[in-house]
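4 protein chains.
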Amino acid sequence: MRVGILGASGYVGGELLRILLFHPKVEVTCVTSKRHVGEYIHHVHSNLKGLTELKFIEHNPEEISDKCDLIFSSFPHGLSVKVLPDYIERGMKIIDLSADFRLKNPEDYKKWYGYEHPHPELIEKFVYGIPELHREDIKRSSLIANPGCMAIASILALAPLVKSNVIDKSRMIVDAKIGSSGAGGAPSLSTHHAIRFGVIRPYKPVNHRHTAEIEQELNQIAKDNVRIAMSAHAVNVVRGILSTCHLFTLKPITISDLWKIYRGFYQKEPFIRFVKDKKGLYKLPDPKILIGSNYCDIGFEVDEHVNRIVIFSAIDNLMKGAAGNAVQNMNIMLNIDEKTSLQMPGLHPV
Amino acid sequence: MRVGILGASGYVGGELLRILLFHPKVEVTCVTSKRHVGEYIHHVHSNLKGLTELKFIEHNPEEISDKCDLIFSSFPHGLSVKVLPDYIERGMKIIDLSADFRLKNPEDYKKWYGYEHPHPELIEKFVYGIPELHREDIKRSSLIANPGCMAIASILALAPLVKSNVIDKSRMIVDAKIGSSGAGGAPSLSTHHAIRFGVIRPYKPVNHRHTAEIEQELNQIAKDNVRIAMSAHAVNVVRGILSTCHLFTLKPITISDLWKIYRGFYQKEPFIRFVKDKKGLYKLPDPKILIGSNYCDIGFEVDEHVNRIVIFSAIDNLMKGAAGNAVQNMNIMLNIDEKTSLQMPGLHPV
Amino acid sequence: MRVGILGASGYVGGELLRILLFHPKVEVTCVTSKRHVGEYIHHVHSNLKGLTELKFIEHNPEEISDKCDLIFSSFPHGLSVKVLPDYIERGMKIIDLSADFRLKNPEDYKKWYGYEHPHPELIEKFVYGIPELHREDIKRSSLIANPGCMAIASILALAPLVKSNVIDKSRMIVDAKIGSSGAGGAPSLSTHHAIRFGVIRPYKPVNHRHTAEIEQELNQIAKDNVRIAMSAHAVNVVRGILSTCHLFTLKPITISDLWKIYRGFYQKEPFIRFVKDKKGLYKLPDPKILIGSNYCDIGFEVDEHVNRIVIFSAIDNLMKGAAGNAVQNMNIMLNIDEKTSLQMPGLHPV
Amino acid sequence: MRVGILGASGYVGGELLRILLFHPKVEVTCVTSKRHVGEYIHHVHSNLKGLTELKFIEHNPEEISDKCDLIFSSFPHGLSVKVLPDYIERGMKIIDLSADFRLKNPEDYKKWYGYEHPHPELIEKFVYGIPELHREDIKRSSLIANPGCMAIASILALAPLVKSNVIDKSRMIVDAKIGSSGAGGAPSLSTHHAIRFGVIRPYKPVNHRHTAEIEQELNQIAKDNVRIAMSAHAVNVVRGILSTCHLFTLKPITISDLWKIYRGFYQKEPFIRFVKDKKGLYKLPDPKILIGSNYCDIGFEVDEHVNRIVIFSAIDNLMKGAAGNAVQNMNIMLNIDEKTSLQMPGLHPV
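Chains as they are written, first to last, in this note's numbering: chain A, 1 to 350; chain B, 1 to 350; chain C, 1 to 350; chain D, 1 to 350.
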């Protein structure tokens, strides 16, 4: 399978390359970057030095569809939606890492992203790419909308609970903490090291865009109208998301109930791990031990004092939160072992 | 005023010294440390080198009550309660930084701290030392129970709302993030740099002890039974607490309403600042700009999507969360300008 | 004394304000910033919120010389030299934090900074502002060229040795490590948090500009031609410089000799501390304990294995490396206690 | 090949497991840990959760030599030398990660490590395990002494220069910077996060033990008496070493000369990369882009101002500085592709 990456000079592009250059079933044949045309990949992704002689090319759909069978689009939202229809027409397999085809309701793009969706007729063709929820659809589809990083962490944390109907779905708090790589590679005052280092900074206290996809997916599971109250915080790491979800129970619930709900929901999922230990250093999920890996670690606690459940989910935002999950989707689409090229655990300590 | 510090080798002790060595109205005459008897202060608090020739002495109540008029106790909880009655009897002014006299209900010590309070008769003599709530009582008292670091951040964030009766008091979420200095100076596996660096670690997902004092204080204001659902997280900084409070409104509320509630409640408080800006790098509170200062920065947002209010409060856990607030209490007790020796702003950038 | 700050929106400007707003003998009357004209200071320096109602004004020499008796210039090199002659003519006291008047030889500006010095006639009027070397000159002067951050750390480390004539002056290695605030406040790819975090990055392996001032000052002391071989590294902190100097001895030397050399040279210097302990956590200098303070900590070791001396000097680059030292210079010029407003020790832990 | 790891609960043990669990030619059959006997590996190495059901066993040479054909010893120095003779007698292949068999001169153990070597007769049987220098010997040997982390970084940086005879070998400065994982997993005051975070701390200014192995290896190449003047610094990262080497040239040298020297020496080495670029973010080596990888990046600069050469070498101290290099040695011993299981590049950004 010949694979191309559109917009490959960003962090997600680099991470896709890190994974795909070692993938036994695919060959990366095209990588595009407007600013770096003609440059070797390792001039931008210095960690990849010595691993490939590929160079960035301009974005040219004709050439790319000639040379590739599948493309990952790391274009920003708003651009992907303009560029991808051409590839769709050419019958290519596409995994879009932007938000442009995640939301099923065309109205939502206006509300959450501020633009009128130019191709509402294409939206339904895309499968929302969370393998743990839509594996069968992904298998049959050739168009995938890869989820947002905070969205996938939160959906994986909440889906089992929402399905089991034990919580008040109108008051679901998601308090997310994220590293700086989540903000992308473009420098700004707010990401300047002297400013960004050491922060515990609220940055999207309300109206975070990922709310839309979280609610869409959970509504589908709940057959009900869930309400996500999300606030995001920037913390002093580069990679990692911890999503802390505070839920109120409708009736008393035990830890054992939660184990049943979560184990039942996720059974043999290869990239879901439960972290809830009584000893050791990692009694609950922490992205610290997931850096570089595709796992989503999930843990939970019951608060009898206020009829609350707390769910923690941790991911590497560039892996399960972006590139890793995208490759997982690709593997499923290609009908090969889902774990191919994704099995390396996180580094520790790091 | 001659001042002593019991248990002065810890981080709070060091911070008290940093402040008090420059205080124009007091002289530090005694500092105790079991492990460092006879050593110069700067062998433990290396930053203070050159500022004092004081040495650590053993804890000897007779000597200390001879040489001091007021003591700060940085002894751990369980020890303070054993040691302080002697000083109380001697009529000394005391500011206790442990939890031993914070809770008014003697039963609560068993529930939250696991010990039977040996001196329930003394509890009522202590004023819970949040100047913004109990200034008049502090003025008249000579015994102060200085609040817990997460407690003060959360109480200052929530008190105005609780008073104004606009939120559901049975479901108040406090999602706290704290730096490593909050764990004190004793090394352990979980605080080992290679392990603690880069974490976003849940560490008291339920049943955090500070819940007790937060509820006590808010109940008093609410004349009602509030319920705090608190979860704490360790993040990759040394100093700083951000307390993110998620509340559900009973009826629609506007930002302008919140401004009125908060401004009305805090009026001219010297160490409360409101941070809610439309431009600049610090639109909401972040402990990053408070490091070394005694301020508590408070900001808020309204989430119309779920009838939620989010309140953020940020402090330096060693200052407004411990030593700074303790000195503020002392200043009030001594009837001198409350801001004395506490006016330095946070370092920035740092 | 009415004081103005030119180019006050940068990190050094903020630090000057943090110090001067509490200085009992001066009043800050003017602060300029091209980009922030009309804005309150705390919109840029958020840590100063609540401390001043000053606003940034445009740079207008007429107005400024009317309202100020002394100015600090934080303009970048190349701009200071254009702007300051006007103020010199008006007889104002000036402390220039740029490099524009540091080098005595006009040729050196071309060599090290790439521009022809437009006012060579003014250079001699400026005193190179290291109080420990030029206190008497500073006292008598009204024009000060404040040293570069790495320069002052290295000069203070090496001056005693150079004077004592015990080392090979043709092979003096300075291996410097510095935090991100040293790069200033302008964001760029190389200072982007995701990129800058966690580095141990060589960034000026040869030809660092501060070499020129270090050699100038040491030559003067040595009455000889010293050669500095300097390499700088960016490390994962915001503030702080550690300058590690490797020197080769001409004849065997002992630790006791070094103590004599350093004590003899620095006698009662208020901001020089020697850090060379056998116990405790800070046996040698580390900027960690100097954050926010004006100290320069110096320590040393003798390596008998290779006839080497290692000297360590640590400073806070924004304090002794810039704003703090500038205020120290001002205090000396104003003939007031040199330590005024500069006595606060570093924060610890931080 | 059945492989065992002695002392597998430390960071190097964890890293060996991370690599070997995915190695196609070996199976890990035994892992020992005194403190964790009977526990699952992932209770200690939480990142490995889900990858193995192995448990720690007690150190029992009989059992281990039954179940393993090759062992890695991560025992501390002083213990390895006691334990390994038994395995040697049993004819097992051994890769020792301690210092106990690195130094060829038995006297040196007393001088640098403070103990009398109990088995001087065994020393010569061990090959010092730097593949880039001793590949042929490693191939033929079954006993390998894996080098120290700072030693390998420095030797790889200096070997080509020493061989080419262009520098003053009596005055070679190594200024090393290292992350906290280099100090191992045992908590102490000096590694406590609040204390260790943010340091630029000199910690072995003279007499660093790795000096011995660096000189041994370089002497062999130089056929001459080299003198290493080494100083180590702890910086605020977990992984990574940057070794900055300052050398003085005997005669003028150009960058082009250096390219020839280094390229000539290292030709097709799979894990040596040269980093010396005119553009991009990583113009010189920085461990930041090596985290998790087995590369050693080398770069250089010529300082005409002082007849100095600066060489930079960067590694991940747990990989090329320990576990990665050990596996590379194993691959060579087993006569399989040297890069097996070691090809993953560093994470970026991280």
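No lab work stands behind these hints: they were computed from the structure. The structure presented is a predicted model; accordingly, all values stated were derived computationally and were not measured. Take these hints with a grain of salt, some might be off.
Note that the list lumps identical chains together, so a pair holds whenever it fits in one copy or between two copies.
[Claimed, not checked] Derived BS3-like pairs (lysine-lysine); straight-line CA-CA distance at most 30 Å:
hint, residue 1, residue 2
1, K67, K204
2, K339, K55
3, K223, K279
4, K25, K339
Going through the hints against the structure:
1. K67 - K204: neither (40 Å within a copy, 43 Å between copies)
2. K339 - K55: Answer is both; intra-copy 28 Å and inter-copy 24 Å each pass.
3. K223 - K279: neither (38 Å within a copy, 40 Å between copies)
4. K25 - K339: Both. Shortest intra-copy (12 Å) and inter-copy (20 Å) distances satisfy the 30 Å Cα cut-off.
Figure legend: structure checked against the earlier numbered hints; hints not met, in rising order: 1, 3.
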